[in-house]
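Protein chains: 2
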Amino acid sequence: MPYEFLINNLPKTKKAIGTDKGLAKIGDGIINLSYSIAKSIYLTKKSNSNQIIRTGQKVSKKILANALKNANMKEFAKNRADAHDLANTVEALVAYVWLVNKISIEELISLITTHLSGNITRRFDEIENATSAFTKVLISIKPFLPTK
Amino acid sequence: MPYEFLINNLPKTKKAIGTDKGLAKIGDGIINLSYSIAKSIYLTKKSNSNQIIRTGQKVSKKILANALKNANMKEFAKNRADAHDLANTVEALVAYVWLVNKISIEELISLITTHLSGNITRRFDEIENATSAFTKVLISIKPFLPTK
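Chains Z and A supply the protein sequences, listed in that same order.
Everything in the first sequence is counted per the working numbering, starting at 202 for the first residue and increasing by one.
Everything in the second sequence is counted per the working numbering, starting at 202 for the first residue and increasing by one.
FYI, nobody ran anything at the bench for these hints, they're computed from the structure.
Quick caveat, the model's predicted, so the values are computed rather than measured.
Any given hint might turn out to be false.
You can't tell identical chains apart in this list, so a pair holds if it fits in one copy or across any two.
Pairs of lysine-lysine, DSBU-like flavour, derived with a Cα cap of 30 angstroms [unchecked claim]:
{"#": "1", "residue 1": "246", "residue 2": "216"}
{"#": "2", "residue 1": "259", "residue 2": "215"}
{"#": "3", "residue 1": "263", "residue 2": "222"}
{"#": "4", "residue 1": "262", "residue 2": "247"}
{"#": "5", "residue 1": "247", "residue 2": "216"}
{"#": "6", "residue 1": "213", "residue 2": "246"}
{"#": "7", "residue 1": "215", "residue 2": "303"}
{"#": "8", "residue 1": "343", "residue 2": "279"}
{"#": "9", "residue 1": "275", "residue 2": "213"}
{"#": "10", "residue 1": "337", "residue 2": "259"}
{"#": "11", "residue 1": "247", "residue 2": "222"}
{"#": "12", "residue 1": "349", "residue 2": "303"}
Generate the whole structure from the sequences, applying the supplied hints.
In structure tokens, the structure reads:
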């Protein structure tokens, strides 16, 4: 990304990246856009009647917080983080790998779509299945994150 | 985009594209992400103290609605559209050109950044300057939109 200068002043440590509020705001946009397209693709491909579904979806904080826990990546979050903090950490990590050009929006969409499964039209099932997909996304991007 | 199939069932007319609710939801994500990065770049480059600013920003409906009017592109919106409808139309048009691969997120960020000017740290000025930037974005993408 030509925007990598936007993180020049960030120490390349787990906590500095995982707790940066500006990164979280940027990541919020990346995640919501990617999930919107992934959900549209997934629902369209699964449709029995070949119906095309275009949708937008804000990913709930609960989904992201649980994904961070399931991926065993809570060390990127601040100490005594609540669900909101944990979700912000996921957003910050995604923004970081995007800004350092290790993942594109298209790749993120593809990752989420690949890892979505089951029914996502009922809210309860969607939370479970989307959490699982985001857990796998986090595990996929972990190699591009700082190790200390 | 490999997601162009998501608009296969859409008539390629001004009104069909400009009033599609699913496209508007997708475009909402594209616009908010692009504006977040553009605003971060703009504020960072303008900073006297070489401060790096990372921010996220939901673009207000008012900005988008006025941009559509200023670009003389109200014919893409539904009849008797209110500000909310006009903003949705801008979002749908941006999603359309992105899905048909005529503009990338990076190009959109570059367009917005180029056309931002003046002070955008005060809310009042930001609305005026962002409206002007989005007006120019709309004029730039118009050649890729249906003509009838």
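Going down the list of hints, with the structure as the test:
no. : hint      : in the structure
1   : 246 / 216 : between (39 angstroms within a copy, 26 angstroms between copies)
2   : 259 / 215 : both (25 angstroms within a copy, 27 angstroms between copies)
3   : 263 / 222 : both (18 angstroms within a copy, 26 angstroms between copies)
4   : 262 / 247 : within (26 angstroms within a copy, 33 angstroms between copies)
5   : 247 / 216 : between (39 angstroms within a copy, 28 angstroms between copies)
6   : 213 / 246 : between (39 angstroms within a copy, 22 angstroms between copies)
7   : 215 / 303 : within (16 angstroms within a copy, 37 angstroms between copies)
8   : 343 / 279 : within (17 angstroms within a copy, 46 angstroms between copies)
9   : 275 / 213 : within (17 angstroms within a copy, 47 angstroms between copies)
10  : 337 / 259 : both (19 angstroms within a copy, 28 angstroms between copies)
11  : 247 / 222 : between (36 angstroms within a copy, 21 angstroms between copies)
12  : 349 / 303 : within (18 angstroms within a copy, 41 angstroms between copies)
In summary, this structure violates none of the numbered hints.
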